[in-house]
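When you get a sec, could you build the whole thing from the sequences and use the hints?
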Amino acid sequence: MEKTTDTHLYLRINEQDKAALEQLYDRYEKILFSFLYKMLEDRDLAEEVLQEVFIKIWRGKGVYDESKGKFTSWLFRMAQNTAIDLIRKRKKPTVPIEEAAQVASNDAPVAEQVEWQEKKGQIETAVQHLSIEQQKMIDLFYFKGHTHETIADMCDIPLGTVKSRIRLALKKLKTSLHGLQERGAYDD
Amino acid sequence: MTNMDCDRLVDYLNGTLSADEIQQYEHHLKTCTECQEIVEATGELPYLADPVEPPAGMKARILSNVFEEEREQDEPPVALKPEMAAIPMHKPKRKPGLWKPLLAAVLLASLLGNAYAFFQLSDQEDAPETAIESIELEPNEAFEGTATAAMIEEEGSLNLVVQADRLAELEDSQVYQVWLIKDDKPIPAGAFSPNPNGEGASYYQLDESSADWDTIAITLEPQAGNELPEGEVILSAGI
Numbered sequence: 005m006e007k008t009t010d011t012h013l014y015l016r017i018n019e020q021d022k023a024a025l026e027q028l029y030d031r032y033e034k035i036l037f038s039f040l041y042k043m044l045e046d047r048d049l050a051e052e053v054l055q056e057v058f059i060k061i062w063r064g065k066g067v068y069d070e071s072k073g074k075f076t077s078w079l080f081r082m083a084q085n086t087a088i089d090l091i092r093k094r095k096k097p098t099v100p101i102e103e104a105a106q107v108a109s110n111d112a113p114v115a116e117q118v119e120w121q122e123k124k125g126q127i128e129t130a131v132q133h134l135s136i137e138q139q140k141m142i143d144l145f146y147f148k149g150h151t152h153e154t155i156a157d158m159c160d161i162p163l164g165t166v167k168s169r170i171r172l173a174l175k176k177l178k179t180s181l182h183g184l185q186e187r188g189a190y191d192d
Numbered sequence: 049m050t051n052m053d054c055d056r057l058v059d060y061l062n063g064t065l066s067a068d069e070i071q072q073y074e075h076h077l078k079t080c081t082e083c084q085e086i087v088e089a090t091g092e093l094p095y096l097a098d099p100v101e102p103p104a105g106m107k108a109r110i111l112s113n114v115f116e117e118e119r120e121q122d123e124p125p126v127a128l129k130p131e132m133a134a135i136p137m138h139k140p141k142r143k144p145g146l147w148k149p150l151l152a153a154v155l156l157a158s159l160l161g162n163a164y165a166f167f168q169l170s171d172q173e174d175a176p177e178t179a180i181e182s183i184e185l186e187p188n189e190a191f192e193g194t195a196t197a198a199m200i201e202e203e204g205s206l207n208l209v210v211q212a213d214r215l216a217e218l219e220d221s222q223v224y225q226v227w228l229i230k231d232d233k234p235i236p237a238g239a240f241s242p243n244p245n246g247e248g249a250s251y252y253q254l255d256e257s258s259a260d261w262d263t264i265a266i267t268l269e270p271q272a273g274n275e276l277p278e279g280e281v282i283l284s285a286g287i
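Residue numbers (this note's numbering), protein chains in the order written: chain A, 5 to 192; chain B, 49 to 287.
Simulated from the structure, these hints should not be mistaken for laboratory data.
Be a bit skeptical, because a hint or two may be false.
Below, computed lysine-lysine pairings styled on DSSO-like, alpha-carbon distance capped at 30 Å [claimed, not checked]:
(1) B:Lys233 to A:Lys60
(2) B:Lys107 to A:Lys123
(3) A:Lys72 to B:Lys230
(4) B:Lys78 to A:Lys124
(5) A:Lys178 to B:Lys78
(6) A:Lys124 to B:Lys107
Shown next, in the form of structure tokens:
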């Protein structure tokens, strides 16, 4: 798997290798920042969370090993959880107070852009296979970090079934994503 | 849903489990293919984000804070020898994005103060903390890039780290040269060339003569190694 090098970097970071942390930072700065901006809708907060993520990695809080799956899944989950912590601490919905997001200029490495766009295309198609309600639940649960109560309210479903419905939505997402990946290039 | 452990998937992804519960769930995860696959699929969701350009100077800010946090832990500072003093100062509690141009002069003054303090203290007993502050440089009218300068104490020496982005490509033997200027007298303080993304960084160890300055500037020089600037100033900050 191509991500072996991420694991190598991670191991070097555990030995307090600053250059390795910088490399990891360079590799994921843009996707993490963009992802956190999508969650928080605020550039300053996104930077704050991104910093917290790298402090956690540097301090060895939260341990990654390959039995936990892909490194990126682990990294993104840590970023997502850190952002949710921040959202819940603030206990108020995020409001876009900053300027509108600048659309990325085309100066990022082409390979990185292409990989991102490919994955984006796949995951977008997979999400479109879900019902509207399921799409909304994933957005509220994953990107907005809402509690089960809020999701029950917003999607108008009984509180007791929120968890199992989210799981079902994620399971369906997984199935359709697998289908797309197996078919390789999917025309979206 | 087959058992209680699978039932915890959503809480796991949502970060609401305790440390013990996370450990239990991760143990379960090793043997449950379905949960594994759902976790992996969820790990693709961030790619739904539209690419957003990170703020200028973010990398320098984050990395210096990350490495600073490390030193603030309670562990004994093994890297610091007793005779190598660090700078006593308030801990800079960073608020991202607040360094607007008007603040630059104030921060620069603070940088200077730190440089003095650093060299005055280095003969005295060691102090436990480390100074890191940073300022934004102002571009000239024709230049679109941005740069951040930061003072970083590391293993007993004081370093000036400059990071710039949106740099134009260089021709031939050109370099971007950093200068520290005191009373119109410039001292070269590091040079860099941009990478393919238009980003560049320099690292320069300050000594007592170079710590005393009132302006920092970046010029585009026809070649590396100039003792005095020949090219035009593209970015600068002064008091």
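Hints versus structure:
At roughly 43 Å between alpha-carbon atoms, B:Lys233 and A:Lys60 are farther apart than 30 Å, so this suggested pair is violated. For the hint pairing B:Lys107 with A:Lys123, the CA-to-CA distance comes to about 25 Å; that is within 30 Å, so the pair holds. A C-alpha spacing of about 55 Å is found between A:Lys72 and B:Lys230, which places the hinted pair above 30 Å, so the restraint is violated. The straight-line distance between the Cα atoms of B:Lys78 and A:Lys124 is roughly 27 Å, inside the 30 Å bound, and the hint therefore holds.
Restraint check for A:Lys178 and B:Lys78: satisfied, since their Cα atoms lie roughly 18 Å apart, inside the 30 Å limit. Using a Cα cut-off of 30 Å, the hinted pair A:Lys124 and B:Lys107 holds, with the two alpha carbons roughly 25 Å apart.
Of the hints listed earlier, those the structure fails to meet are numbers 1, 3, in rising order.
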